[in-house]
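Engineer: If you want the building blocks of each chain, they are given just below.
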Amino acid sequence: MSGGYLTIRNLSAVLRDTGERVLRSVDIDLQPGTIRGLVGESGAGKSMIGKAVLGVLPKALKVVEGEILIDGQDLLKLKDADRRRLIGASTALIPQDPLTALNPSHRIGPQITNRLVDILGWTRRAAEVRALEVLEEVQIADAARVMRQYPHELSGGMRQRILIASAFAAEPKLIIADEPTTALDVTVQKQILKLISNLQARHGTALLFVTHDLGVVAKICDSLSVLYGGKVVEDTDVASFFNGPHHAYGRALLAATPRHTDPDASLLPVPDDVIAAVRAELGEADRQWVRHD
Amino acid sequence: MLDGRGAVKRRAGARLWLSGLWLAIVALAAVFAPLIAPHDPLMQDLLYGRLPPFWMAGAEPGYLLGTDSLGRDVLSRLIHGARIALIVALVAGIGTCLIGSTLGLIAGYYRGWADRIISRLVDIWMAFPPILFAILLIAVIGTGLTSVIVAIVVIDWTRFCRVVRAETLNQSQMDYVHSARIAGFTRMKTMLSEILPNVLPTIVALLSLEMGIAVIVEAILSFVNLSISTDQPTWGGMIAEGRLSIHQAWWVLVFPLITLFLTVLSFAQFGEGLKDRFDPVLR
Amino acid sequence: MTDALYRIEGLRVEVADQTRKPLFGAAPRLRILDDISFSIERRSVLGIVGGSGSGKTTLGRTLVRLVEPTAGTLIFDGQDVTQLSDDAMRPLRQRIQLIFQDPMSALNPRLTIGRIIAAPLRAKTSDPRVAAALDNVGLPRGFAGRYPHELSGGQRQRVGIARAIALRPDFIVADEIVSGLDVSSQAQVLTLLANLVKDLGLTLAFISHDLSVIRRLCDRVIVLQKGKIVEDQPVADLFTSPSHEYTRQLLNSIPEPDPSQRW
Numbered sequence: 001m002s003g004g005y006l007t008i009r010n011l012s013a014v015l016r017d018t019g020e021r022v023l024r025s026v027d028i029d030l031q032p033g034t035i036r037g038l039v040g041e042s043g044a045g046k047s048m049i050g051k052a053v054l055g056v057l058p059k060a061l062k063v064v065e066g067e068i069l070i071d072g073q074d075l076l077k078l079k080d081a082d083r084r085r086l087i088g089a090s091t092a093l094i095p096q097d098p099l100t101a102l103n104p105s106h107r108i109g110p111q112i113t114n115r116l117v118d119i120l121g122w123t124r125r126a127a128e129v130r131a132l133e134v135l136e137e138v139q140i141a142d143a144a145r146v147m148r149q150y151p152h153e154l155s156g157g158m159r160q161r162i163l164i165a166s167a168f169a170a171e172p173k174l175i176i177a178d179e180p181t182t183a184l185d186v187t188v189q190k191q192i193l194k195l196i197s198n199l200q201a202r203h204g205t206a207l208l209f210v211t212h213d214l215g216v217v218a219k220i221c222d223s224l225s226v227l228y229g230g231k232v233v234e235d236t237d238v239a240s241f242f243n244g245p246h247h248a249y250g251r252a253l254l255a256a257t258p259r260h261t262d263p264d265a266s267l268l269p270v271p272d273d274v275i276a277a278v279r280a281e282l283g284e285a286d287r288q289w290v291r292h293d
Numbered sequence: 001m002l003d004g005r006g007a008v009k010r011r012a013g014a015r016l017w018l019s020g021l022w023l024a025i026v027a028l029a030a031v032f033a034p035l036i037a038p039h040d041p042l043m044q045d046l047l048y049g050r051l052p053p054f055w056m057a058g059a060e061p062g063y064l065l066g067t068d069s070l071g072r073d074v075l076s077r078l079i080h081g082a083r084i085a086l087i088v089a090l091v092a093g094i095g096t097c098l099i100g101s102t103l104g105l106i107a108g109y110y111r112g113w114a115d116r117i118i119s120r121l122v123d124i125w126m127a128f129p130p131i132l133f134a135i136l137l138i139a140v141i142g143t144g145l146t147s148v149i150v151a152i153v154v155i156d157w158t159r160f161c162r163v164v165r166a167e168t169l170n171q172s173q174m175d176y177v178h179s180a181r182i183a184g185f186t187r188m189k190t191m192l193s194e195i196l197p198n199v200l201p202t203i204v205a206l207l208s209l210e211m212g213i214a215v216i217v218e219a220i221l222s223f224v225n226l227s228i229s230t231d232q233p234t235w236g237g238m239i240a241e242g243r244l245s246i247h248q249a250w251w252v253l254v255f256p257l258i259t260l261f262l263t264v265l266s267f268a269q270f271g272e273g274l275k276d277r278f279d280p281v282l283r
Numbered sequence: 001m002t003d004a005l006y007r008i009e010g011l012r013v014e015v016a017d018q019t020r021k022p023l024f025g026a027a028p029r030l031r032i033l034d035d036i037s038f039s040i041e042r043r044s045v046l047g048i049v050g051g052s053g054s055g056k057t058t059l060g061r062t063l064v065r066l067v068e069p070t071a072g073t074l075i076f077d078g079q080d081v082t083q084l085s086d087d088a089m090r091p092l093r094q095r096i097q098l099i100f101q102d103p104m105s106a107l108n109p110r111l112t113i114g115r116i117i118a119a120p121l122r123a124k125t126s127d128p129r130v131a132a133a134l135d136n137v138g139l140p141r142g143f144a145g146r147y148p149h150e151l152s153g154g155q156r157q158r159v160g161i162a163r164a165i166a167l168r169p170d171f172i173v174a175d176e177i178v179s180g181l182d183v184s185s186q187a188q189v190l191t192l193l194a195n196l197v198k199d200l201g202l203t204l205a206f207i208s209h210d211l212s213v214i215r216r217l218c219d220r221v222i223v224l225q226k227g228k229i230v231e232d233q234p235v236a237d238l239f240t241s242p243s244h245e246y247t248r249q250l251l252n253s254i255p256e257p258d259p260s261q262r263w
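So the sequences go chain by chain: A, B and C.
Just so you know, we're using this note's numbering here: the first sequence kicks off at 1 and counts up by one.
Just so you know, we're using this note's numbering here: the second sequence kicks off at 1 and counts up by one.
Just so you know, we're using this note's numbering here: the third sequence kicks off at 1 and counts up by one.
There may be inaccurate statements among the hints.
[To be verified] Facing chain B, a subset of chain C residues (Cβ under 7 Å, in silico):
1. Phe-100
2. Arg-110
3. Pro-120
If you're looking for bench data, these hints aren't it; they were derived computationally from the structure.
Each residue gets a CB set at the ideal place from its N, CA and C atoms; glycine is no exception.
Extracted from the complex, chain A is given alone in its bound form:
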């Protein structure tokens, strides 16, 4: 295998109660300095992969097999404290909802600097200088004033910029973005996405971008993994996907995505037989899973 910065191999997870599979032998390879889109509809397990990497899977889920390698170290084999240290130093999250991701009772400044000081052991002075720097990087004018403000004084777009600044503050090697623009207006979404991909390119970060929107993938991702029912049904680079997906489900998903530039193209719902075919594949994957369990 090529040594990506993040490599997920054969990762399976089940619901503790019912044993129902939520992730099915997922393989993902993320090269340094690239953006990989994780695409799927609700329930496809795309967010769960990000959560598994960060070690924040819901209690009801259990990883039953596989490896999550960051820089060659398997997270699932590390002790809790070691794993947290590795994640804390190397990885950051850009969350989905800018309204709940910032604590309303703290000022912006400490919310960016605390992580640097408490977890990475920076001095407070250095952390504050760095915070000002990244806030300017995400084009927040008057960063010094913003650092003294409370979240409710800022717009949704501003808050998302702050979360992005906060994610890039510690120069992480890996960032996981979990539908970071779903809650925003399209015009703001475009600015935010441009910002993310600029920063990512400048810092050479590896970025895992969880989204349901193929349009967004086309604009900023280098490669993508299409998920259905917890299984990666297509893993390819962006150009070849949009030239013609290999998998029937990928094709159907693309056909269901609206294109305003083409007035005659009608939206095609994902056909039932495609769904049936993917489901059958999942059944096959499950049988294999049972065999080598």
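With the hints as your guide, set chains B and C onto chain A.
Structural biologist: Chains B and C only, in chain A's frame:
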């Protein structure tokens, strides 16, 4: 987060059944008190004073839980005490529920001046310390069962009113309430058919909780001798009397305390259990 | 202006800003919609587009008279409905329907699907119109006995549509009805809606923040920004020659599934 369907299931069964079982026992005891109580709860027999419960040395057969300092049978007094407790729980609970919920629904759904008046009233009401308020009230209207019930209703309707109002406000923002308005239903009909069913589980849980609180308030008032006349056995009265002889006969205090505790706990648990049961989403 | 079903003139909507209400006296007024005038042709689909805070949802709710206008006139099918009381409005209610954005909040969780659809009809769940409505939106009739939480998002949204069309209304406001759905259900619901408009001869106001789903469905589009109409054009012209800067921005910001132009 898990997607609620099927993934999160609350086990309401055990606590619903256990608390229901205890409440059924208390209710049966109350209804059939004269038939099942082994002794007359008022009969004093100083020769049999402070008999210990059956498992201790010196116990007398026929006096399962012992006797108090006047020789009255503790078990019989507990059984008869259940009558007062349940009457207070039912009448006071339902009274507070009806008054509080109605005002809460009106304030929460109709808003405007009705809400302003009701909410101010609740604010002012809640500023009084409740037990002091009850004692004052009873001092004015006199002791007795009716007074206790009136006192509880007068004090506690605010609890229903506030919770039901908040829940109704919540429900009023839901689109299905708007949808009923668009369909042309009157405000009254919308309130009763769209909002009330969704507030009902909360009301049921509160009602059950309130019944437990009523039992406690009655016990407190009995304890300070403001409830029912002293010749009627009440749990609160028994606790007050038992306190005096705690070193010689602990059982006179402990058994009514346990009964009171179990009953109040059961009311609260029963309410929560019913609430879950009522909810089609969790069912 | 040949055959307008609904005409809106000089509409203004203000609400009291409770967050800045002084201890005594009235709360300051917040202007949500200002000087809105447009009309909707019979059997046409009007798109109402805008970002968050543009007032598009308030506009939709004013059209179905859930929100009281502060000023202006609403003329539905030749009748001035601006000041109609609840009682006077009632006969018109079933001609004007709204489909809500969040299908979970729009369906009473304690009622079965059958009762949800039957309630506005003032009918029993066995009423043939309930079954017909389910047929119309492509849901199995057996769904009448289920509860909303047992359905997927797309299915719930179809129930919302079924409830609205069961009354055989003339006019429907659809408020962001596909924004919470996956693309595949989105495509299904949009296709369904387009067919129903054609088959039942409906007039539709389709509210969306997303211009990309508007093109196929709408005949005419108005764009709202901060409570004002900044653009009112036939749909094809809007996409080819938008007249307002904000419309151009909106068009420019749509992420087309086309990797040849990267951001």
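Engineer: Going by Cβ atoms only, is Arg-110(C) closer than 7 Å to chain B?
Structural biologist: holds (5 Å)
Engineer: Holds or violated: is there a CB of chain B closer than 7 Å to the CB of Pro-120(C)?
Structural biologist: holds (3 Å)
Engineer: Tell me if the interface restraint on Phe-100(C) is satisfied: Cβ within less than 7 Å of some Cβ in chain B.
Structural biologist: holds (4 Å)
Going down the numbered hints, you'll see the structure goes against none, and every one checks out.
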